[in-house]
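Trainee: Sequence:
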Amino acid sequence: MGKVGLGHQYWVGKCLRGLFTGLITGALISLYSQTISLLTRLNQSLPFLVFLIPLGAVLTQYLFKVFGERYRNSTTSAIDEINNHKDHRNWAESQIPDTISPLMGLLAYLGASITHLVGASGGKEGAGVQIGLASASVVEHVEAWGNRRLGREHDNRSDYYLMCGAGAAFAALFNAPIAGVFFGTQLASPRATRLDAYLPVTISSFTAVLLSQAIGIHVLEIPLYLELEFSARNLFYVSLFAILTGLYSRLFCFVLHRIRDFFRKRVSSPYLVVLWPSLVLLLLSLATWPIFDTFRYNGLGGDLLYDIIIGRASQLDDLIKLALVAFTFAAGFVGGEVVPLIIVGAGFGMSMSHLFNVPLSPFAVLGSLGMLSGGTNLPIVCFALGLELFGYREPCLLFIMVTLSFVASGHSGIYSHQRLPYR
1 MGKVGLGHQY
11 WVGKCLRGLF
21 TGLITGALIS
31 LYSQTISLLT
41 RLNQSLPFLV
51 FLIPLGAVLT
61 QYLFKVFGER
71 YRNSTTSAID
81 EINNHKDHRN
91 WAESQIPDTI
101 SPLMGLLAYL
111 GASITHLVGA
121 SGGKEGAGVQ
131 IGLASASVVE
141 HVEAWGNRRL
151 GREHDNRSDY
161 YLMCGAGAAF
171 AALFNAPIAG
181 VFFGTQLASP
191 RATRLDAYLP
201 VTISSFTAVL
211 LSQAIGIHVL
221 EIPLYLELEF
231 SARNLFYVSL
241 FAILTGLYSR
251 LFCFVLHRIR
261 DFFRKRVSSP
271 YLVVLWPSLV
281 LLLLSLATWP
291 IFDTFRYNGL
301 GGDLLYDIII
311 GRASQLDDLI
321 KLALVAFTFA
331 AGFVGGEVVP
341 LIIVGAGFGM
351 SMSHLFNVPL
361 SPFAVLGSLG
371 MLSGGTNLPI
381 VCFALGLELF
391 GYREPCLLFI
401 MVTLSFVASG
411 HSGIYSHQRL
421 PYR
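Counting from 1, position 369 in the sequence shown corresponds to residue 369 in UniProt numbering; the numbering is continuous, with no gaps.
These are computed hints drawn from the structure, not numbers from a lab.
Heads up, a few of these hints could be off.
Cβ-Cβ distance ranges computed for the label pairs, FRET-style [said to hold, decoys possible]:
# : residue 1 : residue 2 : range
1 : Ser416    : Phe230    : 32 to 42 Å
2 : His257    : Pro223    : 56 to 66 Å
3 : Pro47     : Arg233    : 18 to 28 Å
4 : Arg264    : His411    : 15 to 25 Å
5 : Arg41     : Val66     : 24 to 34 Å
Quick reminder that beta carbons are idealized off the backbone N, C-alpha and C, glycines included.
Take these sequences, add in the hints, and give me the full structure.
Mentor: Following this line, the structure appears as structure tokens:
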């Protein structure tokens with residue numbers, strides 16, 4: 001009977017961890033997403049705010065200089081903690097208390113808000129995941145405090161909390177609970193799914209999505225589009241396209257890292273190192289205005305994604321977006337690379353559809369998911385996201401797309417310190 005009781009306590013504890021993490025994360029992500037949506041509309045209605053890009057870069061740098069540069073790499077710290085948790089059973093030995101904290105979540109929120117207010121070309125999911133990680137740390141601290149008050153030993157399972165927080169945030173941001181479960185359990189180590197964390201991460205992801213839906217959350221709007229039917233011809237085309245997309249995602253990561261490193265190696269001042277690339281970003285943004293009469297490549301880019309899928313875009317959209325994204329992150333802006341990967345991949349798919357002589361919209365959708373798979377090294381997450389967010393109903397071609405793109409992308413990726421299958 002004693003073992004049965006302990007078993008019940010173990011599973012109940014997992015469920016409660018997932019539930020409370022999902023509730024807090026869902027509420028905070030809803031607030032965060034609505035803030036980004038409001039600031040995006042404000043930037044679009046006041047185009048002159050783009051001239052504040054250099055100021056935004058310096059202000060973001062100032063925030064992290066004052067409160068701690070370590071908070072910039074909090075997602076990497078979380079990945080290390082999940083992967084190395086067995087070596088950090090003592091809370092005092094873990095790096096989490098100094099890195100994953102409410103202050104980190106607040107800095108991510110403020111940094112992303114600055115990014116979208118001034119119109120830098122960034123996403124929102126990177127900061128959103130950091131907010132989810134911060135939420136998880138709060139629940140972890142409350143549990144530890146409660147155990148101390150009750151005189152009980154605290155079972156430090158920060159890895160469960162971090163997976164719950166990351167999964168819930170991703171799920172809420174994209175209204176995709178299944179993708180959130182896979183994201184939380186595979187983010188740190190795509191070579192193996194953390195089945196031991198499936199229950200709490202599932203509860204946290206679905207809870208966060210249900211709560212964010214009830215509160216009201218802004219997600220990417222995907223238009224209606226045609227789909228490719230499964231056939232030998234389409235399978236061949238999609239396979240070849242997937243390999244090209246994986247190579248393009250490798251180029252995406254290469255460009256982002258090289259441009260950032262270019263300024264870091266040549267500029268020693270902590271503020272000039274972000275000011276120079278921000279000035280280039282401003283000039284590139286101003287160069288697009290006479291052509292389109294709008295800063296369509298700045299900000300989150302949801303409207304640009306919509307236009308690409310319905311065929312109302314140009315052949316150079318992916319390259320222009322890639323250039324602006326590279327200088328955005330070289331300038332130290334906060335946000336995320338997931339949505340930029342989706343948009344660049346959609347633009348690439350639009351261009352390749354003409355080469356393969358296939359309908360534009362399905363290649364744009366497949367390109368966005370393949371690009372994301374190669375950039376994140378998370379093909380199963382992207383497969384689920386294709387079903388949930390994009391509503392892609394032909395699973396075979398979608399699966400081939402995300403799988404081959406992941407393989408072709410090699411060691412590159414936006415998440416450092418991941419444990420990949422071939423390392």
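Trainee: Work down the list of hints and note, for each, if the structure agrees.
Mentor: Quick rundown of the hints versus the structure:
no., hint, verdict
1, Ser416 <-> Phe230: 32 to 42 Å, "holds, 36 Å"
2, His257 <-> Pro223: 56 to 66 Å, "violated, 33 Å"
3, Pro47 <-> Arg233: 18 to 28 Å, "violated, 45 Å"
4, Arg264 <-> His411: 15 to 25 Å, "holds, 21 Å"
5, Arg41 <-> Val66: 24 to 34 Å, "holds, 29 Å"
Checked against the numbered hints above, the structure breaks hints 2, 3 and satisfies the rest.
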